[in-house]
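Combine the two chains into a complex, taking the hints into account.
As you go down the protein sequences, you meet chains E and A in turn.
Going by my numbering, the first sequence opens with residue 1, and the numbers climb by one from there.
Going by my numbering, the second sequence opens with residue 1, and the numbers climb by one from there.
By construction, these hints were calculated from the structure, which means they are not laboratory data.
These numbers were taken from a predicted model, which means no experiment stands behind them.
Just so you know, not all the hints are guaranteed correct.
Stated by the list, open to error - Mimicking SDA-like on lysine to any residue, the simulated pairs with C-alpha atoms at most 20 Å apart in a straight line are:
| no. | chain 1 | residue 1 | chain 2 | residue 2 |
| --- | --- | --- | --- | --- |
| 1 | E | K216 | A | D255 |
| 2 | E | K210 | A | G70 |
| 3 | E | K210 | E | P38 |
| 4 | A | K122 | A | V133 |
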Amino acid sequence: MIDVAGILMQNILYVILITLGGVLISWSVHFVPVGGAPAAMAQATGIGTGTVQLAAGAGLTGLVTAGAMMQVTNNAALVIASGAVGAMIMMSVTMIVGTWVYAYGVGCPPASAKVKYDPITKDRQDLYVSQGTEGHGLPTVSFVSGVIGGALGGIGGSLVYYALMSVENGLPLADLVGIASVFAVGIFFVNAVIPSYNIGGTIEGFHDPKFKRFPKAVLASLIATFFCALISVLSIGGL
Amino acid sequence: MSAGGSGAAAEAIPQNNIIAFGVLGGLIGIYGAYFLVGMVGQYMSFIGALGAICGMVWGAAAVRRVASYGLGTGVPSIGMLALGMGVIAATFGLAVGGVAGPVIALIVAAIIGLMIGVIANKILNMGIPIMEVSMTEIATAGTITILGLAVAMTGTFDFPVVLSQVITTGYIAVIFIAGGLAILHPFNACLGPDEKQDRTLMLGVEKGAIAMIVAGIVATTNPNASGALTILIGIALWYVAFNGFYERTKRDAYDVVGAGMLPSKEELE
Chain E
1 MIDVAGILMQ NILYVILITL GGVLISWSVH FVPVGGAPAA MAQATGIGTG
51 TVQLAAGAGL TGLVTAGAMM QVTNNAALVI ASGAVGAMIM MSVTMIVGTW
101 VYAYGVGCPP ASAKVKYDPI TKDRQDLYVS QGTEGHGLPT VSFVSGVIGG
151 ALGGIGGSLV YYALMSVENG LPLADLVGIA SVFAVGIFFV NAVIPSYNIG
201 GTIEGFHDPK FKRFPKAVLA SLIATFFCAL ISVLSIGGL
Chain A
1 MSAGGSGAAA EAIPQNNIIA FGVLGGLIGI YGAYFLVGMV GQYMSFIGAL
51 GAICGMVWGA AAVRRVASYG LGTGVPSIGM LALGMGVIAA TFGLAVGGVA
101 GPVIALIVAA IIGLMIGVIA NKILNMGIPI MEVSMTEIAT AGTITILGLA
151 VAMTGTFDFP VVLSQVITTG YIAVIFIAGG LAILHPFNAC LGPDEKQDRT
201 LMLGVEKGAI AMIVAGIVAT TNPNASGALT ILIGIALWYV AFNGFYERTK
251 RDAYDVVGAG MLPSKEELE
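With the rest of the complex left out, here is chain A (with noise of 0.2 Å):
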């Protein structure tokens, strides 16, 4: 079971092993990105946009899994926590950490997930048992996300150049609502008691295509990144996961049905 507030939720992948996706699939995109933009050229820009996409699947999975406990008050509220969360964590870590600032900024947010997660349970008693270690993964998901996006809108995790072209922008703030939306919204948009993993996750996987694609866009404004080929992957990707998504809602429900056209007033009388 994993309707909301009804205890641990079910798992047909493990967690441990969205975890390693998450950050190993995170780090190699971010890196990836920096170092293939680089090497290869800007139009590479688009794997961090792919290492956003791990973050946010690994958050949305980390969401599904303590909002199965019933946080209380709405899902949204830990998807906004968790930006919150990694958008501090991400700026310190690119400001004080230079080539290791993704690797700093996941640590501090490891340790600011695990400290609200601690005061979570010991100070405001919401008794969820997995609370330290679900808060420790959702800022640390959160913080990938942005610096994923982030990579993928400039090419580069340079300080002074996200500064300039993200964060004074205020594209940060797309950042902030289309990757909030991709941890928050999956779990949100699919908790009921025919909840199931694969179906939550691959509604996360669609709503970080949306991310990618609108990060793409903003990446056309970038002489150091190129947005024509993170928009196109971001929309082959939406495509395939929001078929995906559907076809498991098909699964999932007893009867898909077409409802019609409302009747006209004629009709009705």
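With the rest of the complex left out, here is chain E (with noise of 0.2 Å):
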């Protein structure tokens, strides 16, 4: 059997950090701008998919991004950035093609129907909100929030692998690569499901009455990532 703790009291550091990602990734699903299904069907303001989906797709970006500038440098800071950039970029693209969807395709402006005036630009947009939906399309303050949420979900995609990648272990790299992002990819599921769960299908951004619920995501994803950290950090330090 393995020394428990032993393995522990020496990687505290990454469990915390491996913690500190996984409510990061918490947080950031609440900047997102989800629309669901009925996004896809132009009925509501946001990208037309779910929480989940949107949330791995940024993540798992910055996961590769991360994971290709460990191959050049152990730098945790360039490591981080460079994960925060390629989710930004991930994020920003997806956002930028479905408002051209919106916009020459269904031909709707893009409108919020939580505000009345869109707080960055100060346009007004109750009078363009179409009868009998929930805002269209991607106003600028959702974009900016994607782009935030897209930063914190790329830090702490990358966080989480870049502790998984520095626990100290017996394993030749290219399993260590395999087995830090097997165990990054779980937790980040976890921890976008359960914002999910907390906003209950659609958010417009940091601008929505239900981005306030967010401490409870962040105390829930806070608990279940410290235990999925520490058996990912028993596992990888020891073998």
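If you want it as structure tokens, here you go:
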């Protein structure tokens, strides 16, 4: 059997970093403008897919870019920054292409139904919301919010990956990359689903009233990720 | 009634029987494949995939039960959660457990699942009465799915082999998506006022058979496992399950008619 207490004492910093990463992922999901099925029919503001898919997309892109950076350097700041930029690019591309589809394909202007004036551009919103819908497209504030969400998710994802890769172990590099990615993906999915149950369907971004619910998801993720972090550090450290 | 968001789902087969089927079938499949590959020959690795299908059917039944209350978001989220928890528990169990690995993995999965169920009800206030039980079931079912498919791919659950043949090669992503699909898709596809338990579970078997075929294809690259028998049994099982699903769809539908081809441009004028 493995030396449980010894491994945990040696890697307590990484357990904390993984937990922090999970909490960041959970918080980041609240920034992403998720519209779900209604948005796919241009009947709600946001990107037309579920929270989990978006968070997973952004987080996994962050993980890939962080992994690519780790091939070059072991500097934590660079790895985390590259993860954040990767996730931000992924989120921005998704949103800009979505906006093109809404503007030129569906033929509706980006408009938020949750606020009367866009908090960033101060443009009037309610006049442009079609009857019977919850807004449509991605107004500026949702776009900015989504990019912030991407950055936080990417930082969280790369933090988890970096911490897992740094745990002391006797594995060859290829196997370590494999097992660290698997744990990072598992932790990511758990932390993407918890906030999506907290949000319950759609959210427009940080100006949405539902955004205020985030402390509950952060607390839930803190507990769940801490446990997952213990398990993953134990299994990598024990090899 | 079992339309999404309307309360408890009607059950022809009691959930306890399905739990027993999933746990026992899954463990027998995983251990059966492990020991029989050593004793009889590598072609016995297909039993692992059968064990995985037991887990998938159990997972699909648990998703059906909990998602009937309405999750407030898409059903797929819970399948991803199942595999997310499952992959952590499975890797941990195999890494520390040796021969007892799968059992340890199931116990860890149950603990993570129970914890997330309690969090969902106590902190996120989801208010689903069976959330704790269902999350435990879903996490455990996800773990059985991952372990079973990994055994079908490699013929063993020795961690170094699984690590180098399944995780490092990236086939774990295939398990993740194919197994997740079998757990999340059946209820997602069948939900509605006319949802019936046997139809949903039959779709679960069908999706499981597809995962089995995929695992068989991966197994052909492995010296320790044999893909041919896994693929053949998977195709046969898929055929039976798809026919069963189609029969039940016809049974539950008011009428099944052919819509014909779309009219051509000339016919419309």
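Hint numbers contradicted by this structure: 1
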